[in-house]
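Since the structure of chain F is provided, determine the placement of chains S and X on it from the hints.
Chains as they are written, first to last, in the UniProt record's numbering: chain F, 1 to 421; chain S, 1 to 421; chain X, 1 to 421.
Just so you know, nobody snuck in bad clues.
Since the list can't tell identical chains apart, any single copy or any two copies may satisfy a pair.
No farther apart than 25 Å at their CA atoms in a straight line, the calculated lysine to any residue pairs in the SDA-like style are these:
1) K198 - L401
2) K4 - D52
3) K60 - A326
4) K198 - D84
5) K308 - G347
6) K60 - A327
7) K121 - R354
8) K4 - P15
9) K121 - C85
10) K4 - G50
11) K308 - R318
12) K369 - P109
Derived from the structure by calculation, the hints contain no laboratory data.
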Amino acid sequence: MLSKADNDRLTRVGPGTPMGELFRRFWMPALLSEEIAECDGAPRRLRLLGEDLVAFRDTKGRVGIVDAYCAHRRAGLFFGRNEDCGLRCVYHGWKFDVDGVCVDMPAEPQGMPAAGKVRIKAYRTVERNGVIWVYMGAPEHEPALPDFEWSRLPERHYTATKRLQQCNWAQAVEGGIDSSHISFLHSRTEEAAAPSNKYHASDRHPVFEVQETDYGLQIAARRHADPGSYYWRVTQFLLPFYSMIPPVGDFPESSREPYDGHAWVPIDDENTWTWSFSASPARPYSDEELAFRGGRDGFWGPVDHEYKPLLNRENDYRIDRDRQRAANFTGIQGIPNQDAAVQESMGTIVDRTRERLGASDRGVVQFRKLMLRLARELEEGRVPTCVSDGSLYNVRSASLLLPVDVPVGTGAEALLTGTAS
Amino acid sequence: MLSKADNDRLTRVGPGTPMGELFRRFWMPALLSEEIAECDGAPRRLRLLGEDLVAFRDTKGRVGIVDAYCAHRRAGLFFGRNEDCGLRCVYHGWKFDVDGVCVDMPAEPQGMPAAGKVRIKAYRTVERNGVIWVYMGAPEHEPALPDFEWSRLPERHYTATKRLQQCNWAQAVEGGIDSSHISFLHSRTEEAAAPSNKYHASDRHPVFEVQETDYGLQIAARRHADPGSYYWRVTQFLLPFYSMIPPVGDFPESSREPYDGHAWVPIDDENTWTWSFSASPARPYSDEELAFRGGRDGFWGPVDHEYKPLLNRENDYRIDRDRQRAANFTGIQGIPNQDAAVQESMGTIVDRTRERLGASDRGVVQFRKLMLRLARELEEGRVPTCVSDGSLYNVRSASLLLPVDVPVGTGAEALLTGTAS
Amino acid sequence: MLSKADNDRLTRVGPGTPMGELFRRFWMPALLSEEIAECDGAPRRLRLLGEDLVAFRDTKGRVGIVDAYCAHRRAGLFFGRNEDCGLRCVYHGWKFDVDGVCVDMPAEPQGMPAAGKVRIKAYRTVERNGVIWVYMGAPEHEPALPDFEWSRLPERHYTATKRLQQCNWAQAVEGGIDSSHISFLHSRTEEAAAPSNKYHASDRHPVFEVQETDYGLQIAARRHADPGSYYWRVTQFLLPFYSMIPPVGDFPESSREPYDGHAWVPIDDENTWTWSFSASPARPYSDEELAFRGGRDGFWGPVDHEYKPLLNRENDYRIDRDRQRAANFTGIQGIPNQDAAVQESMGTIVDRTRERLGASDRGVVQFRKLMLRLARELEEGRVPTCVSDGSLYNVRSASLLLPVDVPVGTGAEALLTGTAS
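With the rest of the complex left out, here is chain F (with noise of 0.2 Å):
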């Protein structure tokens, strides 16, 4: 429970507001490469913390992501011509480089002081592996790249989705370091089906021990597993909205598969990029696991070609009851749609001042205290650890069998670590 000031305080995200300032000291996930593919191509609208805005690629392939309007007279520069190495305003033709610099105004007379002088809103931006970060804050704090192991590996180890979400940033998150819910929500009712959900069905009051580290949380949800050992899922939550997914299976085998994390980026207060990344460090996904954890209709789709899921709120997730009944515990297809559902369906800011936490809930209330504290520690001046050093990024989640007496820092130590850097 929070009150009605500090899930205001957690929630909003626009320039001047104290969370929207801790989240323009971060780099942020801002667009799939594959959305301004092309040199000289269209521009394509974007909205981060509540700012309109305009991506596109130039002449050389840099990337600009700039002011949604002209410095002129505020014609949408989404309808601009991309054309050597600017985009161009179709009013009266004004032009700006990827870093806002006006190189042209066309329809002034010569020799005006004009050009150059002239610049719109352009923030930073860096492309790796897939996907197009940018930095929204002062050039003066620009921070490190958070140094994630899925955007350093090699072609064919790793995979990048997004998907609309039609809430706030922080109910997503609290999603996704929830790992409780999934005994429940993506929870089978045929029977039981891998190793790793023996244990969620078999336990369903997970203990948690929650950590502070200098990248956020650390996150362990222990499990009764066979007499004498417990199944512990080590999950992370990294500032300012990444989640780690623990690999489906145990220790010592989960080790060598992939693992998946999110962000969830605001869009503005009431709508948020879901991200999906994945990981596989030990060997090259085939092309059947690229287009299942990568594409548009994997297992993080469908969505449509302005990825928007095609499961969604307005159509009730296509929730078929009879499925409910006799096959899964939503009636939903989709672990990313039931997340979906349950998050959407609290309303598009949900009201925490209403709620009743349990014990399962820990992680999310830590959650909750720290970037509340950070904001504030913002105000008088003090940043993170984390937003100097990326290598902090360079973790891995996992789920792993441990027995009783070892505790799960020890035990799990090994497999936190990414290898790189």
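Using the frame of chain F, we list chains S and X on its own:
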């Protein structure tokens, strides 16, 4: 004409509003039984008096109308599993019975204080003759059920339907108790038809006698008939939002005819469920009559599977100007669609500061005065008599011919009381 | 750039706003005659200056533009019966003539004070050359009709069309009086075409001479032509929302060519009717020309049956990026659609506090100053001259070549006056 303040008091129905509090002293029709026909079937969303709810029928056939959101993290219970005498949230499995009591918290550690103490909002329900009633007030003020004849008659002697009306409840009631509009809105331009239409057409200046009663208002509209006699149409407004419709035809035939009634149940300030009931005390309805009075494609329709009229404001009620010239007054097919057209055309909440009432609006004026007075009295702790005496609802409407020297009260007395109680 | 307060003053048009009051001193184009072509035909909804109205043509062919709501209980008069010289509300039969006088109250007792004293809002109308004009101000201030040439020419010498524009009137006007954008927004990338385009393409830095006049502004844009001569494009802004479009081509041919003009009539603060007129004083239009300049599928279209463009903001004006690369500057087909794209892309009310004007915006700056000054003067009781002198509107636009030492005022004088009056 009302002041802005009085118009607001009359029309606002949310929790804490004066009129909303008055409504919360009465039972209200909430759903047709057919909407949650099946035990353990799909839950149904429901919005009443501005509150979002969900209805379900449990394993034993009991009906629950509860908060739309789970007590835990506020996931939508519409997506819940309706199983084994309770509705289970699909997020973490909390389960609530029809009384709103949390009977299971499977994700919480065994032995937690937990279930049993946690409750969600749940309202009392009663089911009679195909209609589910709800009481949304405080348990200690539970009122008597209104003893409407149609809710007591045997099978085939009654019907009940509902349709969405896209405006505030009060302007719908004002249409229902307004006997003068039938000479216009519902008239045909071709030729006079039924005997009752004869007087509606020949005397379009009815004189109104409005009388306050224990249940609300009795409204008698007098028209000139054959020399020496008056044609009377006697209708009732019953607290807080019912009206009766006199049978078509005149006395003595009409006393054996079915009669109808409405309830206008506020969904919120701008939307209303228009219920239509009918009662045939004297004889069972034929199959054709049941379909005509009770079906989705009958007299009160056509409506879609969500009970939204197919002729609605988005398509201008499919007005046909040729038909308006040649056949009926509006060019719109169907009496309920004609009513909806004028009532919704005023805007969702009509601006009563800008109207200009005439002598024919006496019933409307009295209705407003009564409702505003009762809301004020409730603020002082006084409740209407009919809240605790359901037998006051055992009334019928009537149309009849009386000699000019017989007062309507005397002449109609025998017709105006239902058989039972 | 404007302050927030001035931007609000410039753009708000509702009753009681400074600009709204200024507009209410002028006649305005309200409807095409074809929209209510038939006597006693269907009424038509109409929204102007933020007021909801309904228009109808009565039995004698007179046009009424009256309040959208009945005086009685405020049912929508759009659903009314247009019959026997009046529009009759279908709720209780109150009937209003084109002057808004209630001429019948059939539901009221005979002999009631009643009809004749009750009025609804009704505005003066005039119909000329296929256009219905309305005056929405106080009767005692009724202005002169603007004496536009196209409203006086004989059949086949004029056209008039309208199309919905989904933004505020002022940013539409600013596009209309802005001669510099045609070198960009409407340019073709393939090859130069008409002689006029030659100068637009060869000199994209026009120099502006803006001069205040009795009717508004005369805006002359000068471009370099062949040695020793200038190419002048002379356009007018006429109060309160008209502009003229110079013919394509240059003097002396252009003096015999048809010319065009616009009116941007505010529907409300965020929507506008963009009217396009044309006049061919020298010769009648051919059938092809009439269809091209006047039809729904012609130059100013295509529009649907409600005059909404088929290429609009919901479909990004069907921009084609290949066409944008290879054929024209925008990739959008049709000059009016190109204009709409940039003007609407600014948002419904452009934020003029954040723009950066250049030398080419001199006309725009003068337009704003003029309108804000006139609104202020009206508050002090002063009205513009042209309100009472319709002959001031008898002007033409022109494009012509002049020797460098001939002032445009002298050189263009003969071209800039219409034939009549």
